[in-house]
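Got chain A sorted already, so can you dock chain B onto it with the hints?
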Amino acid sequence: MSRFRHLISIDDLERDDIEHILSKADSFVEIARGEKSSGILEGKILANLFFEPSTRTRMSFESAMKRLGGEVINLGSVEASSIAKGESLADTVRVVSGYADCIVIRHYREGSARFASVVSEVPVINAGDGAGQHPTQTLLDLYTIKKEVGLKNLRIALVGDLKYSRTVHSLIKALAHFGAEMLLVSPEALKLPDELKENGSFAECDLEYAVENADVIYVTRIQKERFPDEEEYRKVAGSYRITAEMLKNSSAVIMHPLPRVDEISYDVDSLPNAIYFRQAFYGVPVRMAILTEVML
Amino acid sequence: MNVLTISKIKDGTVIDHIPSGKALEVLRILGIRRGSRERVSMAMNVESKKMKRKDIVKVEGKFISEEELNRISLIAPDATINIIENFEIRRKFRVRIPERVEGLLRCPNGNCISNDGKEPVTSAFRIEKSENLVFAVCMYCGKKIYEIEEYLV
Numbered sequence: 001m002s003r004f005r006h007l008i009s010i011d012d013l014e015r016d017d018i019e020h021i022l023s024k025a026d027s028f029v030e031i032a033r034g035e036k037s038s039g040i041l042e043g044k045i046l047a048n049l050f051f052e053p054s055t056r057t058r059m060s061f062e063s064a065m066k067r068l069g070g071e072v073i074n075l076g077s078v079e080a081s082s083i084a085k086g087e088s089l090a091d092t093v094r095v096v097s098g099y100a101d102c103i104v105i106r107h108y109r110e111g112s113a114r115f116a117s118v119v120s121e122v123p124v125i126n127a128g129d130g131a132g133q134h135p136t137q138t139l140l141d142l143y144t145i146k147k148e149v150g151l152k153n154l155r156i157a158l159v160g161d162l163k164y165s166r167t168v169h170s171l172i173k174a175l176a177h178f179g180a181e182m183l184l185v186s187p188e189a190l191k192l193p194d195e196l197k198e199n200g201s202f203a204e205c206d207l208e209y210a211v212e213n214a215d216v217i218y219v220t221r222i223q224k225e226r227f228p229d230e231e232e233y234r235k236v237a238g239s240y241r242i243t244a245e246m247l248k249n250s251s252a253v254i255m256h257p258l259p260r261v262d263e264i265s266y267d268v269d270s271l272p273n274a275i276y277f278r279q280a281f282y283g284v285p286v287r288m289a290i291l292t293e294v295m296l
Numbered sequence: 001m002n003v004l005t006i007s008k009i010k011d012g013t014v015i016d017h018i019p020s021g022k023a024l025e026v027l028r029i030l031g032i033r034r035g036s037r038e039r040v041s042m043a044m045n046v047e048s049k050k051m052k053r054k055d056i057v058k059v060e061g062k063f064i065s066e067e068e069l070n071r072i073s074l075i076a077p078d079a080t081i082n083i084i085e086n087f088e089i090r091r092k093f094r095v096r097i098p099e100r101v102e103g104l105l106r107c108p109n110g111n112c113i114s115n116d117g118k119e120p121v122t123s124a125f126r127i128e129k130s131e132n133l134v135f136a137v138c139m140y141c142g143k144k145i146y147e148i149e150e151y152l153v
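Listed in order, the protein sequences are those of chains A and B. Note that this note's numbering has the first sequence beginning at 1, numbered continuously upward. Note that this note's numbering has the second sequence beginning at 1, numbered continuously upward.
Extracted from the complex, chain A is given alone in its bound form:
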């Protein structure tokens, strides 16, 4: 019996639903690595409806589906589809739900995945709705933390754009379930909105303190377009950059939802602290857990 039919927002999940998915993901790691094979989703078809660009999310869903024996169909480019002719999202979803057993959707409008779940005949998984939700990213972030350092007594520093990053907002809500202590490191203009501090334990600090005291440093990209001029952006972005030198005496692990621009220097990649590529890999077993949850 599935715990949920659709996965739209991390807010829809209770702590035990999250724990269920995380422990289920554990059982898929070897299959995700290609060390074991599985045909658990044989005969099932996943439809990827990506109205916005994606590399990791789309490909890791494909990899997850294929390694479990299922098939994947893709919308392809929006310009080459009926959407270019003015077809509504509702009609696209209704049509595609007749072709597949599950829909993964990324769309530029907030609330689009929820709406798709209302009109779809098959389960819908939200792979990002504008500035809204991206619950599978949150689940893979939690899984990475659980695997690498554990979720108990966690002290995590969130670094960068805490104002606009949907990844950070969802992660904060999820971490509140686990009693994590959250250190906030951001420029003044990109501070975490107060309404997101309703649940959980928060403290503001600088990057140096975070590197010395946190178990996990979760870095996000500071976007150029958030600043009035490029000079201002360069000044701010440079002061939130993680380097190998900075991590000399630190045991904190470094996470990043990727893609990175220059917020983590390449010399960090070879350090044991760097776990962001493993984090991207964990997207596969976590998405396997989600796909099997909604389709079986």
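Everything labelled a hint here was simulated from the structure, so no lab data went into it. One or more of the hints may lead you astray.
Some chain A residues close to chain B (C-beta under 10 Å, calculated; not the full set) [as the list claims (entries may be wrong)]:
(1) SER9
(2) HIS107
(3) GLU110
(4) GLY132
Being a predicted model, the structure only gives us computed values, none of them experimental. Positions of the beta carbon are idealized from the N, C-alpha and C atoms, including for glycine.
Then chain B, alone, in the frame of chain A:
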């Protein structure tokens, strides 16, 4: 002595204890606007023991469903309803905050799917109360509305 300036109705619905100045919004919530055929009388800024100043709306010849009346609680949480039959009060009750309203409010988030004119979508909001504050949460994008009357459709 204060004299109420609108007369009694024979059959219909009286909405009392509306916060002063909100009577027109109450009519909007009930879908009564230009071109509507209901006979409506309204008193604004009348004296009230409980509220100092209040508005009253009387809708004659029409019994409004409880579900519709409960929508009034979004802007007038203390409103009382009197159902009148043959000049007598048949039933009296306070509005209750509905759990959900559809098609009544517009989401302030311009990028919310519920504002996409191309889609066959009706706005839907969950109504929540925190202490004395009533607010609406968009069921699509999660945006919260505190100034509810500003977003009535």
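Verification of the hints:
1. At a threshold of 10 Å, the smallest CB-CB gap from SER9 (chain A) to chain B is about 7 Å, leaving the interface hint in force.
2. The beta carbon of HIS107 (chain A) comes within 8 Å of a beta carbon in chain B, closer than 10 Å, and the hint placing it at the interface holds.
3. Look at GLU110 (chain A): its Cβ gets to within about 4 Å of chain B, closer than 10 Å, so that hint holds up.
4. The restraint placing GLY132 (chain A) at the interface with chain B holds, with a minimum CB-CB distance near 6 Å, inside the 10 Å limit.
No hint from the list above goes unmet by this structure.
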